[in-house]
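The listed protein sequences derive, respectively, from chains A and B. The first sequence lines up with residues 1 to 701 when you count with the numbering used here. The second sequence lines up with residues 1 to 199 when you count with the numbering used here.
Heads up, simulated SDA-like pairs for lysine to any residue below, C-alpha to C-alpha not over 20 Å straight-line:
1. 521/A with 97/B
2. 532/A with 171/B
3. 532/A with 170/B
4. 143/B with 478/A
5. 521/A with 100/B
6. 145/B with 332/A
7. 143/B with 490/A
8. 346/A with 170/B
9. 172/B with 340/A
10. 493/A with 110/B
11. 335/A with 183/B
12. 521/A with 94/B
13. 53/B with 23/B
14. 521/A with 183/B
15. 145/B with 492/A
16. 143/B with 479/A
17. 335/A with 168/B
18. 145/B with 342/A
19. 335/A with 186/B
20. 145/B with 325/A
21. 351/A with 168/B
22. 194/B with 162/B
23. 62/B with 345/A
24. 97/B with 524/A
25. 172/B with 545/A
26. 194/B with 524/A
27. 351/A with 166/B
28. 172/B with 343/A
29. 335/A with 145/B
30. 90/B with 523/A
31. 2/A with 26/A
32. 172/B with 342/A
33. 143/B with 477/A
34. 532/A with 100/B
35. 97/B with 523/A
36. 172/B with 355/A
37. 335/A with 170/B
38. 145/B with 496/A
39. 493/A with 510/A
40. 346/A with 65/B
Everything labelled a hint here was simulated from the structure, so no lab data went into it.
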Amino acid sequence: MKADTVCLRCHQKCIVTAEVKDRKIVKMTHTPCIKGATIPDVMYHPDRLLYPLKRVGKRGEGKWERISWDEALNTIAGKLGEIKDKYGPEAIHISDGSGQKHIGLQVISIAARLWPCPNTHWGRYTCQTPDEFQNWVTWGDSPTYEFGPDYEHSKCIVYWGSNPDVATPSQTQVALKALRAGAKLIVIDPRPIPMAKRADIWLRIRPGTDMALALAMANVIINEKLYDKEFVEKWCVGFDKLKEHVQKYPPDWAAKVTGLAEEDIINAARMYATTKPACVYVRLGTQQQVTATQTSRSISLLIGLCGNIDVPGGNLLYYRTYRDALFWHIYDMDKGIMGPAAVEAKRIGAKEYPFMHKGRVCDIPGTIRAMGRGEVRGLWCVCDNLIVAEIGNREIWDIMKNKLDFIFVSDFFMTPTAELADIVLPAAFYQEIDLLVGRFQYPSNVIYAAPKLVEPPGECKDDREVAIEISKRLGADVTPWESVKDWLNWRLKYMGITYDELCQKPGSRITLPREFRRYEKSTPPFGTASGKVELYSSVFEAVGYDPLPVYQEPPDGPVSTPELFKEFPLIYVHYRILSYMHSEGRQIERQRRLTPDPYLEIHPEKAAKLGIKEGDWVCLEMPKTKGEWHVKYKARLVPEIHPDVVAGPHGWWFPEKPGPEHGCFDSNINAVLTLDPPYDPAIGVMQCRALLCRVWKAESQ
Amino acid sequence: MSGELIDKKIDAMLQMSAAELKRALPLTLDEIGRYGIEKALGEAPDLLTRIIKKLIEVDAAKFVSEVPEVSDKFMDLFWEGIGALTPKSKELMAELKSERLMSVLTRTNQINVNIEADDSPLSGHFTISQGKISGGSGLLHFKDKDFRIFGPTEVLLTLLLDELALGFSNPKLMTDGHPAFSGLVRPVTQGIAKIIKGG
Chain A
1 MKADTVCLRC HQKCIVTAEV KDRKIVKMTH TPCIKGATIP DVMYHPDRLL
51 YPLKRVGKRG EGKWERISWD EALNTIAGKL GEIKDKYGPE AIHISDGSGQ
101 KHIGLQVISI AARLWPCPNT HWGRYTCQTP DEFQNWVTWG DSPTYEFGPD
151 YEHSKCIVYW GSNPDVATPS QTQVALKALR AGAKLIVIDP RPIPMAKRAD
201 IWLRIRPGTD MALALAMANV IINEKLYDKE FVEKWCVGFD KLKEHVQKYP
251 PDWAAKVTGL AEEDIINAAR MYATTKPACV YVRLGTQQQV TATQTSRSIS
301 LLIGLCGNID VPGGNLLYYR TYRDALFWHI YDMDKGIMGP AAVEAKRIGA
351 KEYPFMHKGR VCDIPGTIRA MGRGEVRGLW CVCDNLIVAE IGNREIWDIM
401 KNKLDFIFVS DFFMTPTAEL ADIVLPAAFY QEIDLLVGRF QYPSNVIYAA
451 PKLVEPPGEC KDDREVAIEI SKRLGADVTP WESVKDWLNW RLKYMGITYD
501 ELCQKPGSRI TLPREFRRYE KSTPPFGTAS GKVELYSSVF EAVGYDPLPV
551 YQEPPDGPVS TPELFKEFPL IYVHYRILSY MHSEGRQIER QRRLTPDPYL
601 EIHPEKAAKL GIKEGDWVCL EMPKTKGEWH VKYKARLVPE IHPDVVAGPH
651 GWWFPEKPGP EHGCFDSNIN AVLTLDPPYD PAIGVMQCRA LLCRVWKAES
701 Q
Chain B
1 MSGELIDKKI DAMLQMSAAE LKRALPLTLD EIGRYGIEKA LGEAPDLLTR
51 IIKKLIEVDA AKFVSEVPEV SDKFMDLFWE GIGALTPKSK ELMAELKSER
101 LMSVLTRTNQ INVNIEADDS PLSGHFTISQ GKISGGSGLL HFKDKDFRIF
151 GPTEVLLTLL LDELALGFSN PKLMTDGHPA FSGLVRPVTQ GIAKIIKGG
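All chains, please: the whole structure from these sequences, using the hints.
Given below as C-alpha cells:
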C-alpha cells in the first residue's frame, strides 16, 4: 500500500509518500531531502526506545528497569502533584524540542491548560521568537518567516541570513523556478551558501552587522525616493520619523561597518526596491543575538517601505489565511491556549520580558537559573535533547544531574538528556499517530490530515495522550480533550468538520482561499496597535524599547572590543546541515554518512597561518570559557567564506560514544557558550553567534 | 430608592476612603440591583464608569481581593446594564451587525469571552451574539469559551473604559483563544466603553 503522509522531521511539513508492507513502512518516496527518506530508518532503528524505563541507579548512571505505562504515569503524576502542592505550578517546566515541535507544541498546549503549567518552551526563543515578535509589532502577522515569502510569483528574492537549500529544501524548488524564470536574487550571508553562488548580488557581510545594512538600504530607498509612496501614505505609520532616523545610516557608513562595498549596498537597495514584486526570507543569520529583534525589524521596514506585503510575489500575511478560516494552527495555539490567569502570571520572565509573557514563552536563561536555585523542581523534555541543544549545556548538565527533584523525558532514542531522567518514555513517531497539519511549506494555505499509517512498535505512545493521561491522574478536568481524537476535533471545531471527516475528503485536505492585499478590505487593516504597518513602533515606545532600530555592534567584535579581537581573531557563526535537524539524526546511518563529522569551515589563508590543513581536527575556544573549555571540529577549508569567519554545526553529539554524555560536550558549541548576559532587551536572547573565538590545530581527535 | 439617590450615593462613594468603600460598595451594588440597573443607567448613564474609576483609584486588585463579593455583584450588574444599553446604541448595534462579525457568527452562533484578573478574584464573561450582548459573573468553562481577556485587575477595568494604552496590544493585557476573535472583540469592548460613559 502506498499512502501520502507528512514528514515532520523538520519545520517544512513536506507531503511525502510512504510504502507500507506487512504493517511496516518500508520505503519513502517524493521526499525532498534525506530526512524524509530515512523515516523508516528512525522508526525501526535497533536503538529505538520501546518501553517506559525507570532509573534504578544514580542519575546518569545508566541503570534502567522496564516498567509499565501505568506505573510510569502514576509515578509522574504523583511527583508532579507533590511539586505543584509544595512549590506551585510554576515549579514545573516543559521543554519541547524543535524537530518534534509540531507534536511537542500541542503537548505543551494541552499541559499548559490542563495541569496547568505556565513555564514552557519549545526550543525557539533564540531563533524564531525575535523575528516573530517584531513581525507582530510591525505587521500583526509573520510575513518574513519561512512561510511568508511568495517565491513563485516573485521577481526578486532576498535570502537574508538564511540557507534555503539546507533549511527549506522544498521551498527552494519553488524559488529555483522563479530564478529560472528570471527573478533577481540577493543573498546576504558570510558563507558561500548555494544560493550565494546563484546570486545577482551576494553581500558577504560581517556577522552581527545586518541591522547596519538594512538601515542603510532604507536610507537609499527613502533618499532616492524608491519607496512605494502610495502604500506608505495609506497603510503605514511613522514614515517621517523613519526618514529622519535613517539619515544617520548612509551607505558609506554601512560599508565600513559591514565590510561590504558601498556600491553593493546601494545596488542591493535599488534592486530590492525597483524589482517588483520582491520577497525576503529572514532567518538565523539575523537572530541568536542581543540585537535580534531590532535587526529583524530593520529588515521588515524595507518590506513596508516598498509595499511588498501580501502582494503576489511579496511577503504574505501567513497567519491571516488560517485565522480567517478559524483553524487552530499550531502556531496560533502557541498564544491561544493558556492556564488560569493567576497561574499564567507566575511565568518566569513575565515582568522582565512582558511580550514574551504575552506570547506564552518563558525566559529560558531565567528558567534554567531558577532550576539551579530550586525554584523550578520538575522537568519534562518532550523529544527535547536539552543537554545537547541548549546554550550553556555544562551548567544545564549540572543542574539536571544534581538539582532537580524529578525529570522525565519522552524521546525516540536514549540521548544525553534522557540519560539524566528519572523516567524515560518511548515516544510514538509521526507516522504512528494521527496528525493534523496547517501547512508550513509552500503554498501555505492547506490543512492536511495525516492519519496513523502503522501501529507504534513496542509500547511507544503519542505524547499528546501522555499529557492528557497525566492530567487525568493530576485530577484535572480534561474537558474538552478527553482523548487525542477530541483534541484533533477541537482544533477543527470552528470549521464544521471532524478529523475523521477530513480524512475522508479527497487528499485528506482542505485548501483555504488564498487572497492577496487582504489589508485593503479588513478592519483593522493590520493586526497591530495602530491597525497599520508600524514603521515606528508604538508598542516598543510604550515599553521603553527603541521604536526605530538603532544600530548596535555585537557585544564582542573587532569594533566593540578590538583588544579582545587580537586574542580571539575569528568570528564564529553556526550553519545548518541538510541531513540533520538540530541535534536529531546522528544515529541514523544513512544521514550520518552524508555528514559524518562536525566540520568547522575556515578560510584557507587563515587555516594556513594556523598550520591547519583540510581534515585536521582543530580546537575552538571562546573568551567567556577561555582556558576552561574548548570544543573540537574537523577543519573544512572554504575559499569563499568571509576571511574572518569560522562556521560550525549546531547541536552535535555522538550517539556512538559512551553514555551518559555521548560526547555532548566534545564538538558542541553550546559547551563553550554560557547563559550569561547581555540579552536582547525584548526577548532575553544571549549572543550565540557572531562571537569571537580562536582556533588551533588539535593534537588528536 | 430613586435614581437621584443612587446618583448621590455614587457621588458620596467617590469621596470615600478605601476602608469606607469596603462597606459601602457591596451595599450600593445591591441597592442598584434592586432598583434595576437599566433604570439606574437611564438616570445616571455614567454610573458604571464612575464605579470603575473609583475602584482603580483605591487599588482595584487589593480592594476586590479584600471584598471578593464585589466581583460577582459588579460583573452581574455591569453585564446586565450593557445588555440593556446595547440596543439603544446605534454604533454598537452597527458593530454587532457588521458583516465581518456576522460572517463569523454564522459559523459560531456566538462568541463567548471570559474576563479574568490575575491578581484578584475579579472575573466575568460576556457573549456576543446577533445584535446582542449578554454576560455576568464568573467564568465560562474552557470548552465553551472562544476568547479570554486577562491580566491585572486595573488593566482589565481600564480596558472596559477603553482607556488602556495600546488596547489589546498593551503588554500587560493578556488574551487567549483563537486569535481571529481578537479583531472582532476589540471593537465591541470599545463600543461598550462608549455606552458606559454615556455616549
